Amino acid sequence: MNRNLATTYSSSLLRLFRVYGTLFAGVLIILCFSILRPDSFATLDNVINISRQISFLVMIALGATLVMAVGEFDLSIGAMASLGGVMAAKLAVSGQPMWLCILLPLAISLVIGYINGWIVTKFKVLSFITTLGMGTILGGITFWLTDGATIFENIPESFRYLGQEMWFTIPILSFIMLFLTILFWYIMSYTPFGRRLYAIGGNEAASRNAGISVAINKNLAFALCAVLATLTGILMASRLGSAQPTSGDGLFLPAYAAAFLGMTSFKEGVPNIWGTFVGAAIIGILANGLTMLEVPPFLQDVVTGSIVIAAVILQKIGRDSS
Amino acid sequence: MNRNLATTYSSSLLRLFRVYGTLFAGVLIILCFSILRPDSFATLDNVINISRQISFLVMIALGATLVMAVGEFDLSIGAMASLGGVMAAKLAVSGQPMWLCILLPLAISLVIGYINGWIVTKFKVLSFITTLGMGTILGGITFWLTDGATIFENIPESFRYLGQEMWFTIPILSFIMLFLTILFWYIMSYTPFGRRLYAIGGNEAASRNAGISVAINKNLAFALCAVLATLTGILMASRLGSAQPTSGDGLFLPAYAAAFLGMTSFKEGVPNIWGTFVGAAIIGILANGLTMLEVPPFLQDVVTGSIVIAAVILQKIGRDSS
Amino acid sequence: MLQVRDLDKRFGLHYALSKISLDIHSGEIHALVGENGAGKSTLIKILTGIYQPNGGKVFWNNQETVIREPKTARKIGIQVVHQDRQLIASFSGYENLFLGISYPKQKLGLGIRWGAMKKEADQLKSKLGIQLDLRKLAEHMSPSEKTMLEIMRAAMLDCQLLILDEPTAALSDEESELLFELINKLVAKGTAILYVSHRMNEILRLSDRVTVMRNGKIAGTFSTKEMSKDTLVQLMTNQTSSIKKQMQKTSFSNKENVLQLKQVTSKDQKVKNVSLDVKQGEIVGIFGLAGSGRTELLETIYGTRHLKTGQMEIQGKIVSSFSPKHSLARGVILIPEDRRGDGLIVDMSIRENMTLSTLSEFSSIYNIKNQKEKTAVRTWMERLQVKATSSEQPIKELSGGNQQKVVFAKALLSKPILYLCDEPTQAVDVMTREEIHQLLKDQVSHDSGVLFVSSDVQEVLDISDRIYVIHEGEIVAEFENEAVTAEQILQVCYNQRKQSDV
Amino acid sequence: GSKKDTKKIAILTPYLSSVTTNQMVELLKKESKTKGWEANVVDTKGDVGQLVSRMEDVIATNVDAIVLVSTDPNQVKAQIQAAKEKNIPVFGCDSGYIEGMAMNATSDNKAMSKMITEHLFKQLGNKPINLVVLTHRPHPGVLKRTLEFDELRKKNPNVKKVIEQQVNVPGPIENSRKQMENLLLANKAEGSITAVWAGWDEPAIGATQAIQAAGRKDIIVTGIDGNSQAVNLIKQGSPLVATVKQNFSGMAEIVTKQIELVFQGEQITEKEQYAPASLITKENAGK
Ligand SMILES: Nc1ncnc2c1ncn2[C@@H]1O[C@H](COP(=O)(O)OP(=O)(O)OP(=O)(O)O)[C@@H](O)[C@H]1O
Ligand SMILES: Nc1ncnc2c1ncn2[C@@H]1O[C@H](COP(=O)(O)OP(=O)(O)OP(=O)(O)O)[C@@H](O)[C@H]1O
Ligand SMILES: [Mg+2]
Ligand SMILES: [Mg+2]
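Top to bottom, those sequences are chains A, B, C and D. For the numbering used here, add 3 to where a residue sits in the first sequence, where the first one is 1. For the numbering used here, add 3 to where a residue sits in the second sequence, where the first one is 1. For the numbering used here, add 21 to where a residue sits in the third sequence, where the first one is 1. For the numbering used here, add 5 to where a residue sits in the fourth sequence, where the first one is 1.
To be clear, the hints were calculated from the coordinates, so they are not data collected in a lab. This one's a predicted model, so the numbers in the text were calculated from it and none came from an experiment. Wrong hints could be hidden among the right ones.
What the hints assert, rightly or not - Taking beta-carbon pairs under 10 Å as the criterion, some of the chain B residues facing chain A (in silico):
| hint | residue |
| --- | --- |
| 1 | L107 |
| 2 | V306 |
| 3 | V315 |
Unchecked claim - In silico EDC-like cross-links for lysine to aspartate or glutamate, where the CA-CA straight-line distance does not exceed 20 Å:
| hint | chain 1 | residue 1 | chain 2 | residue 2 |
| --- | --- | --- | --- | --- |
| 4 | D | K89 | A | E207 |
| 5 | D | K115 | A | D42 |
| 6 | A | K127 | C | E418 |
| 7 | D | K50 | A | E156 |
| 8 | D | K82 | A | E156 |
| 9 | D | K91 | A | D48 |
| 10 | D | K166 | D | D113 |
| 11 | D | K82 | A | E168 |
| 12 | B | K127 | C | E418 |
| 13 | C | K346 | B | E156 |
| 14 | D | K240 | D | E258 |
| 15 | D | K50 | B | D150 |
| 16 | D | K159 | A | D48 |
| 17 | D | K12 | A | D150 |
| 18 | D | K34 | B | D42 |
| 19 | C | K78 | C | E90 |
| 20 | A | K319 | C | E49 |
| 21 | D | K166 | B | D150 |
| 22 | D | K35 | A | E168 |
| 23 | D | K165 | D | E153 |
| 24 | C | K206 | C | E418 |
| 25 | D | K34 | A | D150 |
| 26 | D | K165 | B | D48 |
| 27 | D | K193 | B | E207 |
| 28 | D | K193 | B | D48 |
| 29 | D | K13 | A | E297 |
| 30 | D | K91 | A | E156 |
| 31 | D | K115 | A | D48 |
| 32 | D | K240 | B | E297 |
| 33 | D | K91 | A | E168 |
Don't be surprised by glycine CBs; every beta carbon is placed ideally from N, CA and C.
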């Protein structure tokens, strides 16, 4: 029947909207900026520019997504990133080889993240409070390492390589970001480990009863999250050529904003890697475009907040009828 | 049987621990500080001092608790508090009567909070992302109202009354805090409204089937939360005699720390008013005691974080055996 | 094969199991029966490593074994379908099937071979003869589909002992038959079955031996051949059953309508063109095969599902506002199918749950009258014999059947004129089931009406005055419950299905 | 630079919510307007990583000049080079100078710290000194002041005790007030605290309020910045006895003038230019 066809058609359009709504919103934002600032926003240079700018947010938000996938939160990611940058910079200043400057902090953070998970799973403590406490502790350690001051003197040139260099006119940072996104997308979607993480997040008791080692998998998710946060911090220090004791703190809320925005995309209601990527991209593009449009600072906030809310609402349109 | 008696005894002790564990931790902290600094910590003056210092945190955390009770989050409380202080100060500077300086911001925040709730319930958007967006918008508005500067010139003396005066040598702030805590404890425990909020947080579908208007009650929880945050902001401005555009932002994380700490007390796993109070008190007492002990700044963080984690672990001890 | 000796389990101070001893031989179907809260599920949870016992020993193939976690149980060959569904809502049927077992992996690398996984699952599906769209997410499956999925999952791995905790509670007769076939196939291979059910007919028909539990203790193990329904019930309760069924026929033609639907269609087309009526004092049964839209029909009447066209009258008044709240105000209540998902707040106490929909009766706007509330709750707990330590016990600690009783008490508290009952007696023991029937009959004698949905034809026949048969959301037949038989009703259903298949 | 007639300048800072930074930005905006330039302000709320990104954005939009306000230029080294390659001059205002920038106008943090610290020690005379230090070391300017202060206090033999506290940002007034309240209760004896040295004015204000509320007469407070709330307190004769007023209008004026020179195609020789700071005490407050 004709009517049925129409219904089918419109309902599959709605379905598309529900799944890709946030992505559509992102495209819409890009279109707007491109029309308003064709000469500066819609340029290849700027695409590269944005891809580098969002790289930190994407990386740290990937970690947040892993922990959210098992139904927990890690509020220490900001502090972890700051500490990571500081550790790497201190090592670099003290003349250690580059690989050690990167791997040692990553190894340390792996342990710290695992401890986060261990406290949560062993004592059944809410992750919210555990990681808040851990974040405070890490902040103290960072402060102790730096005396609160930015580290920038005597940082060797090689330390800046990853953060500042390009390959084929594309920043290395952008490559790293893309590589990690694809890697974790693969892990989460196509490996048993990823499926287990999602199962735990979906129904912990059922997963345990099905024979999944809930504790170990959760601990690993926390450990990976900490490693990603630390990597973000290290790369940020490399990019700035200096390590501030609070450099990562500002990433914490945007990271969760990205992950939650992502939850409205692709797999509804489930934290997912590409969703997080799109979420981070939207946040990054908004900041970039609004600066280019020279919107006054207070209006930028109002616009950003409104667009984020609008983007998620947009995606719910027609939900009832489906 | 003797063995049984012993089991009974120890198991009821464990039960006590489970319910009051965090409270015990709090008492332990107080004992430690009292022994280490009997002449300054364990004094009536200091009790009064602490009661005033925690008043802001308690008030704003009460609001967070309400929203958590219905299973949602409000991340805009910090921005709401800042805006509240700024609005009140602007009104005071413009010569409005005191009651208007207080009631108008409260009324405005009631509407804003209700909108938060409305977006969440109407469009089924995650409250996390909605309120994050709203917080950004509110931050922009505050900035617009103040041009980013602190408001302090021409604030009338009467504006400072609530924040700075005492009744019977006890700060008015402490009275307000206690009054609100008792009020909301009563509301949450002894009124149908409170019961409904908890029911919604427990199982939304079942609550709806039981004839509860889920949307309206949730919206009200958000509205009350915003009002409490605004009140906090106003009182903070009154206390400082000035309104900074970011004064409330720093309260956001501690408020949730308090509420989550509180969830481990009294009613296990359920956000509850006295739990939040105890949580806020622990955070406040730690800051107070550690400053008095003149612990170096970085160690303060490490100690605070560790104690918070230890407090929640303590309370889980013996959980398995029950 | 499995020997249990002197098993104890304590919750707080309360013994849920004491000195349980039980033997299960390979290749037998061993039934486990007992009142609600007798401890059946607890025993199963110990055998599958979810709980640890406080005393006693378990021997598996003559070796003492400690089942420390669910993983251990699965490894040694104990598979289980729990009373509460254990699925990941956001996962598809396929993914749920492979939960906790090793996925088929690529030769090189770590990736999952989705193709192989699907093939394996589909093979199993056709082997078991189960019809189920495995691509669907678990959250979109109906209770019966979820059960079938769990049964498939248990059958995925080779198992020596399969434990089924009330598997048929949410299944229709047809699906139950499928399950029985499957059970017989497994038994033929030497698998032992531990079967928990409140449906005595199934027990008598299926099992070789039956163990009766009473109050956390074993009342005895018997050969099923020597058992009858009455003796079983007697063993379970330790008293002779007194409830006598009798059908007295009344004429309803002169009574007023409590509910009348005229060509009601729901927005999502799950309910189509339904016209029906329920008269005062009448119990009207609705029967249909799984997925025929019975739940949806009740939800549309109750207001949780949107109505598109048609007209609804309650007590002769045309209804214009649809929501659970309005329905309750009109005196219409729903006993939902999924009691944990839609009926109860599991973290709250019995008291708080029971009075939830009638809170205003026990309170003014600024406070709740505690004494009044407690008295009412206690009264109903006694009347329905809810087995609990006190009215303050959280719902999640109650046995399945006792949870259902709380749902019922909540409904009864609101003194409704129309009951919409969706599988109200699932998971409820025989005695309680009779009680619930009796309760409903008592209620209708006060001029209220009941719309009663059950997957059990016999139950529908036992209780209803009139029966509608529903198929794909449409009413296809109506019977006065006089001379009609179960076969006749089922016949209508199957005929309809054949027609729509063509 | 761009070919358009109106020159565009971008003003970037992470600290727009700080009173003094805000003051400077406002002045820069006003000055630009009178010169007929279009000024665009970008604030990153304390986030330096963000600042880097936003700087790249304005470079991409081809502004004619960039002004960094209250920012450590070491953290945007690469971006300064990128701007240089596109011929966009980068000016510092209260920031610092590094290779590649056009110039920086500042009041020397070190000098200011020296000025106020010496004043403080002079006030305290020859008695034993017990100090509370309220600071926020992550802020580069405040750090410089604190380090200079550390040098000076070590040289002063009268300094017996130093309690350093980190002030939380955002919310420095409320936070420093609380910390001071606690310290006062912990040190009740007369002379157990004789002075508070604050890294900038907001904590000085919080500490002053706490001292006033406790009714302690034996403690004096100093700040740095000269924000008007602090100047007000000094005028009233509160425990806050002095601050150093940075010449923000001076800095903004210098920068504006230098931008104009660059737009006219001239070279800047003086890379670091100072707008001298002045000590504010009760005697000259509010004049
Ligand atoms: N987690 C728990 N905490 C406290 N008590 C519990 C818990 N789980 C079960 N119980 C109690 O143990 C007893 C046995 O419960 P169980 O679920 O085993 O009964 P059952 O025989 O399966 O009943 P049903 O037929 O209703 O499912 C009940 O009294 C129940 O209240
Ligand atoms: N949330 C949902 N999303 C999508 N489909 C659903 C959902 N709930 C039910 N369905 C489908 O709707 C149809 C009717 O389901 P439902 O189970 O409610 O009918 P029923 O007659 O009550 O049968 P049952 O005996 O299974 O309860 C089924 O095909 C079912 O798979
Ligand atoms: Mg059971
Ligand atoms: Mg159904």
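Hints, one by one, checked against the model:
For the restraint placing L107 of chain B at the interface with chain A, the shortest Cβ-Cβ distance is roughly 21 Å, beyond the 10 Å limit, so the hint is violated. At its closest, the beta carbon of V306 of chain B sits 8 Å from a beta carbon of chain A; the interface hint therefore holds under the 10 Å criterion. A least Cβ separation of about 5 Å between V315 of chain B and chain A falls short of the 10 Å threshold, and the interface hint therefore holds. Taking the CA atoms of K89 of chain D and E207 of chain A, the gap is about 56 Å. The hint is violated against a cut of 20 Å.
Between the alpha carbons of K115 of chain D and D42 of chain A the distance comes to roughly 44 Å, so the proposed pair goes past 20 Å and is violated. Straight-line distance between C-alpha atoms of K127 of chain A and E418 of chain C comes to about 19 Å, which keeps the hinted pair within the 20 Å bound. Proposed proximity of K50 of chain D and E156 of chain A is contradicted: the alpha carbons are some 25 Å apart, above 20 Å. At most 20 Å may separate the alpha-carbon atoms for a hinted pair to count; K82 of chain D and E156 of chain A meet this at roughly 13 Å.
Between the alpha carbons of K91 of chain D and D48 of chain A the distance comes to roughly 13 Å, so the proposed pair stays at or under 20 Å and holds. The straight-line distance between the Cα atoms of K166 of chain D and D113 of chain D is roughly 27 Å, outside the 20 Å bound, and the hint therefore fails. The suggested pairing of K82 of chain D with E168 of chain A holds, with an alpha-carbon distance near 13 Å, which does not exceed 20 Å. Only pairs whose Cα atoms come within 20 Å are accepted, and K127 of chain B paired with E418 of chain C is rejected, the gap being roughly 31 Å.
Between K346 of chain C and E156 of chain B, the direct Cα distance comes to roughly 53 Å. Violation of the 20 Å bound is thereby established for this hinted pair. Of the pairs offered as hints, the one joining K240 of chain D and E258 of chain D is violated, with about 27 Å between alpha carbons and a cut-off of 20 Å exceeded. The hinted pair formed by K50 of chain D and D150 of chain B meets the criterion: a straight-line CA distance of about 14 Å does not exceed 20 Å. Restraint check for K159 of chain D and D48 of chain A: the C-alpha separation of about 52 Å exceeds 20 Å, so the hint is violated.
The hinted pair formed by K12 of chain D and D150 of chain A fails the criterion: a straight-line CA distance of about 42 Å is larger than 20 Å. As the CA atoms of K34 of chain D and D42 of chain B are separated by approximately 54 Å, the hinted pair breaks the 20 Å bound. With a C-alpha separation of about 15 Å, the suggested pairing of K78 of chain C with E90 of chain C holds against the 20 Å cut-off. Our distance criterion of 20 Å between C-alpha atoms is broken by K319 of chain A and E49 of chain C, whose separation comes to about 53 Å.
Note on K166 of chain D and D150 of chain B: the hinted pairing is violated, with a Cα-Cα distance of about 40 Å set against a maximum of 20 Å. For the hint pairing K35 of chain D with E168 of chain A, the CA-to-CA distance comes to about 39 Å; that exceeds 20 Å, so the pair is violated. Using a Cα cut-off of 20 Å, the hinted pair K165 of chain D and E153 of chain D holds, with the two alpha carbons roughly 18 Å apart. Between K206 of chain C and E418 of chain C the CA atoms are separated by roughly 35 Å; this puts the pair beyond 20 Å, and the hint is violated.
For the suggested pair K34 of chain D and D150 of chain A, the alpha carbons sit about 36 Å apart, so the restraint of at most 20 Å is broken. Proposed proximity of K165 of chain D and D48 of chain B is contradicted: the alpha carbons are some 27 Å apart, above 20 Å. Distance check on the hinted pair: K193 of chain D and E207 of chain B sit about 54 Å apart at the alpha-carbon level, beyond 20 Å; violated. For the suggested pair K193 of chain D and D48 of chain B, the alpha carbons sit about 11 Å apart, so the restraint of at most 20 Å is met.
Between K13 of chain D and E297 of chain A the CA atoms are separated by roughly 10 Å; this keeps the pair inside 20 Å, and the hint holds. Distance hint between K91 of chain D and E156 of chain A is unfulfilled; the C-alpha atoms sit about 27 Å from each other, more than 20 Å. With a C-alpha separation of about 40 Å, the suggested pairing of K115 of chain D with D48 of chain A is violated against the 20 Å cut-off. Proximity of K240 of chain D to E297 of chain B is assessed by CA-CA distance (about 32 Å); at most 20 Å being required, the pair is judged violated.
A hinted pair counts as satisfied when its Cα atoms are at most 20 Å apart, and K91 of chain D with E168 of chain A qualifies at roughly 18 Å.
The structure fails hints 1, 4, 5, 7, 10, 12, 13, 14, 16, 17, 18, 20, 21, 22, 24, 25, 26, 27, 30, 31, 32 (numbered hints given earlier, in ascending order).
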